[in-house]
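Q: Residue numbers (the numbering used here), protein chains in the order written: chain F, 1 to 257; chain U, 1001 to 1257.
Just so you know, these hints were derived from the structure itself, not from any lab. Because the structure is a prediction, the values reported are computed rather than measured. No residue lacks a Cβ here, since even glycine has one placed at the ideal position from N, Cα and C. A couple of the hints might just be wrong.
[As the list claims (entries may be wrong)] Covered stretches of chain F, going by a simulated chain U footprint (3 or more residues, C-beta under 8 Å): (1) 126-132; (2) 177-185; (3) 235-242.
2 protein chains.
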Amino acid sequence: MSAHQAMLSPDELEAALRAVGAARYHNLHPFHARLHGGKARRSEVQAWALNRYCYQSMIPIKDATVLTRIGDSAMRREWRHRIEDHDGQAAGDGGIERWLKLTDSLGFSRDYVISTQGILPATRFAVEAYVHFCAEKSLLEAIASSLTELFSPQIISDRVSGMLAHYDYVSRDTLAYFAARPVQARRDSDFALAYVKTHATTPQTQALAIKALEFKCDVLWVQLDALWGAYVEGHLPPGVWDPAALHEGQMRQKVAL
Amino acid sequence: MSAHQAMLSPDELEAALRAVGAARYHNLHPFHARLHGGKARRSEVQAWALNRYCYQSMIPIKDATVLTRIGDSAMRREWRHRIEDHDGQAAGDGGIERWLKLTDSLGFSRDYVISTQGILPATRFAVEAYVHFCAEKSLLEAIASSLTELFSPQIISDRVSGMLAHYDYVSRDTLAYFAARPVQARRDSDFALAYVKTHATTPQTQALAIKALEFKCDVLWVQLDALWGAYVEGHLPPGVWDPAALHEGQMRQKVAL
């Protein structure tokens, strides 16, 4: 995308954004096919859930960062939904809590998961890059970077049906996180897409919005690349969770792996 | 490391920092052995140089970030050496320019290298994490994170002798970057190590210094992991430099790969 490109109509811009997802969303990553096709070892499912907790847990921080950039009360109320979805209205509620039910079911101790001490450095760097992006780039770019949610209902549907079919230690209950997400994601991405279509009205800002979505696809892709290298290929970076060498406090009880 | 550990003497702290390098420095990564042992394809050497340019080019930004945290003129003068080493005293001088001579010799166009548009997202996220770390953590941690240079003279010696022995397209001239580094790194790491030994005088700050060096080892390790996945295993993330599908402007001329 160059700044010399022609101006796009709002619908052409939407098509360009959807084309980014078609080319770069992480449903195209081989780890996705492996996880949902029943080919992942239990240790890979565990590593995926452990690492993705780091991403999930930073989403409200990311959204609070976006909130700090919004000057308008009505729009802040709208964006605040995202924080409420993840943090809930009371203890035991919300998306992060539902993610912890998944890591519970895979045998991890909550303290270990919440500490994020065993996660892959690439996961941490990608997640932090997302938060910094939303602090440092324009509000338009921060909002455009959320648009991967346009593509999430399909991946969630693949994930839930695939994992339920293939892994006997996974249940609708442990995947409760995903039951709530498609409706939330649809509402959120409708709002964000309308915002971007309304506010990206020059070739330059349209190019920035598209680049922001590419960046966010990279944030997701890097996480699956890192899982692949460490837990499929077996090249564990120093200091990360090692399913073959469990230490005290990592798991809820001694589990057979 | 826990905050309840015993206080270390300065020499014990130095030993603990050197132990981090012995366990986690990127000379232990298989990409290092492959590159310097003559097993890397030309495309892997190219990808390494292209990606590492992103790291090299951000070092003066990182060091300027550290400069903003130093209240003392004498210490800023000392730290400023690092920026001078990388940016030089005049056009055509300095470590970044010498790195570009390496990417020149591997066929890349300077515009393409400097744009960083073909680098691996994991490289970019790791490099940005380093800059943000130095902006957001304490000055002690920022300085401790530079201490990977304690370990660099050995890796540089392995790299230069191994690459000269194994790749006929590499020469002392194209590796000029590395000729200057051991003396600079020794001076810089002597200063940083003395600073950390003098200022990390509680169990808590000693633990933070050790964690900062672990973090920095992760920054380097992630870059080699990403090169391995993309260019050794062949799992190219979307949008990165693809040696099999070169586009206009990437290379200085049409080169046989």
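Q: Taking the hints in turn, state whether each one holds.
A: Hint-by-hint comparison with the structure:
Look at the stretch 126-132 of chain F against chain U: 4 of its residues bring a Cβ nearer than 8 Å to a Cβ of that chain, three or more, so the hint holds. With 0 residues carrying a beta carbon less than 8 Å from a beta carbon of chain U, the stretch 177-185 of chain F misses the three-residue requirement, and the given coverage is violated. Residues of the stretch 235-242 of chain F lying with their CB closer than 8 Å to a CB of chain U number 4, which satisfies the three-residue condition for coverage.
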